[in-house]
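S.K.: Below are the chains, spelled out letter by letter.
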Amino acid sequence: MLVAMQVSNMVVGQYYPGTSILHRVDPRTKIIAACAFVIVLFMVNGFEGLAVMGAGLAAVIALAGIPLPWLWRGLKPVLFLLVITLAFQLFLSSGEELWRLGPVPVYRNGLVQGAFLTARLLLLVLSGSILTFSTPPVLLTDALGRLMEPLAKLKIPAYELALMMTIALRFIPTLVMEVDRIIKAQKARGAVTSGGGLLVRARGIMPVLVPLFVMSFRHADELALAMESRCWRGGRGRTIRRKLAFSKKDAVFATAVLAVLAASLWIGRLQ
Amino acid sequence: MRLELENVSMVYQSGTPFSARALEDVSLTVEPGERLAVAGPVGSGKSTLLAILAGVETPTSGRVIHGTREISRRQTPPPGSIGLAFQSPENCLFEKTVYSDVSFAPRRQGLDGLEVRRRVENALAAVGVDPASMSQRSPFSLSIGEQRRVALAGVLAMEPRALLLDEPTAYLDPAARRDLIRQLVELNEQTGVTMVMVGHDMDELARFAGRLVIIDGGRKVAEGRAEIILTDSALLARHSLDPPGTVEFCSLLSAAMGDQVAPALSEEQAIETLMQIMEGKC
Chain A
1 MLVAMQVSNM
11 VVGQYYPGTS
21 ILHRVDPRTK
31 IIAACAFVIV
41 LFMVNGFEGL
51 AVMGAGLAAV
61 IALAGIPLPW
71 LWRGLKPVLF
81 LLVITLAFQL
91 FLSSGEELWR
101 LGPVPVYRNG
111 LVQGAFLTAR
121 LLLLVLSGSI
131 LTFSTPPVLL
141 TDALGRLMEP
151 LAKLKIPAYE
161 LALMMTIALR
171 FIPTLVMEVD
181 RIIKAQKARG
191 AVTSGGGLLV
201 RARGIMPVLV
211 PLFVMSFRHA
221 DELALAMESR
231 CWRGGRGRTI
241 RRKLAFSKKD
251 AVFATAVLAV
261 LAASLWIGRL
271 Q
Chain B
1001 MRLELENVSM
1011 VYQSGTPFSA
1021 RALEDVSLTV
1031 EPGERLAVAG
1041 PVGSGKSTLL
1051 AILAGVETPT
1061 SGRVIHGTRE
1071 ISRRQTPPPG
1081 SIGLAFQSPE
1091 NCLFEKTVYS
1101 DVSFAPRRQG
1111 LDGLEVRRRV
1121 ENALAAVGVD
1131 PASMSQRSPF
1141 SLSIGEQRRV
1151 ALAGVLAMEP
1161 RALLLDEPTA
1171 YLDPAARRDL
1181 IRQLVELNEQ
1191 TGVTMVMVGH
1201 DMDELARFAG
1211 RLVIIDGGRK
1221 VAEGRAEIIL
1231 TDSALLARHS
1241 LDPPGTVEFC
1251 SLLSAAMGDQ
1261 VAPALSEEQA
1271 IETLMQIMEG
1281 KC
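Order-wise, the sequence lines are chains A and B.
Counting from 1, position 193 in the first sequence corresponds to residue 193 in the working numbering; the numbering is continuous, with no gaps.
Adding 1000 to a residue's 1-based position in the second sequence gives its number in the working numbering.
Please keep in mind that the hints were generated in silico from the structure rather than gathered at the bench.
Treat each hint with caution, since some may be false.
What the hints assert, rightly or not - Okay, derived cross-link-like pairs now, SDA-like style, lysine to any residue, Cα gap no bigger than 20 angstroms in a straight line:
1. 153(A) x 233(A)
2. 187(A) x 1076(B)
3. 187(A) x 1079(B)
4. 184(A) x 1025(B)
5. 184(A) x 213(A)
6. 76(A) x 128(A)
7. 76(A) x 233(A)
8. 187(A) x 1095(B)
9. 1096(B) x 202(A)
10. 76(A) x 47(A)
11. 187(A) x 1058(B)
12. 184(A) x 1058(B)
13. 76(A) x 1018(B)
14. 1096(B) x 215(A)
15. 1096(B) x 128(A)
Work out the full structure: start from the sequences and follow the hints.
M.R.: The following block contains the structure:
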C-alpha cells in the first residue's frame, strides 16, 4: 500500500557510479545488447540455455563492479511478482504429483515450469537493471534519441520523445522525496496508514495524492516557463556536447554478448 | 511534553555511494512549555533534526524520547501528540474547503462534531484567519500566506502537546512573518504548548525563542539562552549567521561612541538604551 511504503528506500534502476568497462561502453551498444538479450531470452527453451545466459549476465555484473546488496535492493520491488509467478505455476498445473504441501498438491510439471518462468523473469529484470545501473540517465536518453533518429524521417518527434524521457527520469527522485515528505506530514495529522477495507484505503491515499498532483503540475508549469525563457525550441539544429562514438571497447563488448547469446541459443535449441 | 534526543546520528542511504551524513551525535532536551529555536546555515541538518524529534524519521543511532516514552520505528508517537509542520506546509492541503482540511486531523481522532467545530474555530483564530468568512472557501483559492495559516491551523487543530515548525515564515511577506511569530508566541503563552522552531532569520528567532540551539555540519555547536547566543556576533558569524538587527545596531553604536552599549534583543529594548544615552547627554 502506497502510504505504508518506505519510499526513501526505493531504488528502481538507480545509477551506480563507477569506471568499469561496462560504464564506459557506448550506451547505444548497451541498449542494443540489452534488447538482444531480452529477445534471445524468450527464444531459448530449457534450463541449459538460461544457465548460459545467466552466466553471461553474472560476468557482466562482476565486470561492472555492482555490489550484490545494491542489486538486491533493485530487485526488491519485483520480488512479489516473481513469487506470484512461481506460486501460480506450482499450484495451478496438473500431471505427476510430487508431494503435498498440506492439502495442496505440487506437480512436477508446475515445479519445472515455475522455476523456468521465474528464472526467465529474473534474468529479464536483471538485464534491464544492469543497463540503468551502469548508465547515467542523461547518457541513456542521448543514446535513445540517437537510436530513434531515423524515426524523425517518419515525422515522429524523436528528440522530443527522448527529452520527455530525460525529464521524467529527472523528476523521479524529486517526486519520491516529495511523496516521502507529504506522507510524513499527513501521517503526523493522522492520515490512514494501513489496514481497513478497500474504500478506507483508497480514501487514505487522497491526502497524499492531491498534494502530489498539485505539486507535479506546478513543477511542470515552472519547468516549461524556464525552458521557454531560455529559448528552448525543440530539437531543430541542436548540437550535443558529449559526442557518442563507437570504439574498440564496443566491438569487444558486442562480440562477447553476441557469443554468449549465440551459445545459449544453440544450446537452448538443441532441446 | 518533554522531548529528548540522546546521541542521535543520522546517515541517509547508508552503505551506498550516495550515503550522506546529516547529523552527528546530537543530544538535546526540549523542556515542557518552552520555546526553542534551532538555527543553522542551509544544509546543516536542522530539518532532519526536527523530523527525528517529531518521530517521523528514525535515526541511524541514538534514542528519541517523548515524555517517558521511547520512540522508534515500531513505537511511533501516539497520534495527535506531536504537531509537525514541514517547510511550506501549504503543500499538504488537499480538502475541498478550508473547514474540512483543518478539521481533518480532529475528525481522524474520532472527536464528536461539536468538539471538532470548537477546535477548528480556535485553530483558525489562533493563526488569524476569520472562520466565518473563510471556512467554506477552497484552500487552493487562497494566497500563499493564507494557505500557510490554514495549513498551520490544520496542525494546531490536533491540540498537540508539542508543536514542531520548520521555517514557518519562509516565503511570507514581512508583515505576515511578524504576525505569525507574534501569534505563535501568544499561543505558547496561553496554552503552554512546547514549541520548537527551525529557522535562520535571527530577527525572527529573537522575537520567538527563549532558548536557542545552533546546528552546523550536523553537529550541535552552541546551546543557551537566546539573549546570550544572539548577542555573540563572533559565534554567529562562524556559522554563517547574522545577529539580529538590534544587536548589530547596538554594536555599531558602541563603536561610534567609543563606549560599551549593552546589546538589545528587541526594538523596545534598543529604544530604551538609546533614550538612556540621550538623557545622559542632555
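S.K.: Now, for every hint given, state plainly whether the structure supports it.
M.R.: Consistency of the hints with the structure:
no., hint, in the structure
1, 153(A) x 233(A), "holds, 19 angstroms"
2, 187(A) x 1076(B), "holds, 11 angstroms"
3, 187(A) x 1079(B), "holds, 8 angstroms"
4, 184(A) x 1025(B), "violated, 24 angstroms"
5, 184(A) x 213(A), "holds, 17 angstroms"
6, 76(A) x 128(A), "holds, 14 angstroms"
7, 76(A) x 233(A), "violated, 40 angstroms"
8, 187(A) x 1095(B), "holds, 15 angstroms"
9, 1096(B) x 202(A), "holds, 17 angstroms"
10, 76(A) x 47(A), "violated, 24 angstroms"
11, 187(A) x 1058(B), "holds, 14 angstroms"
12, 184(A) x 1058(B), "holds, 12 angstroms"
13, 76(A) x 1018(B), "holds, 19 angstroms"
14, 1096(B) x 215(A), "holds, 16 angstroms"
15, 1096(B) x 128(A), "violated, 42 angstroms"
Against the hints set out earlier in the document, violations occur for numbers 4, 7, 10, 15.
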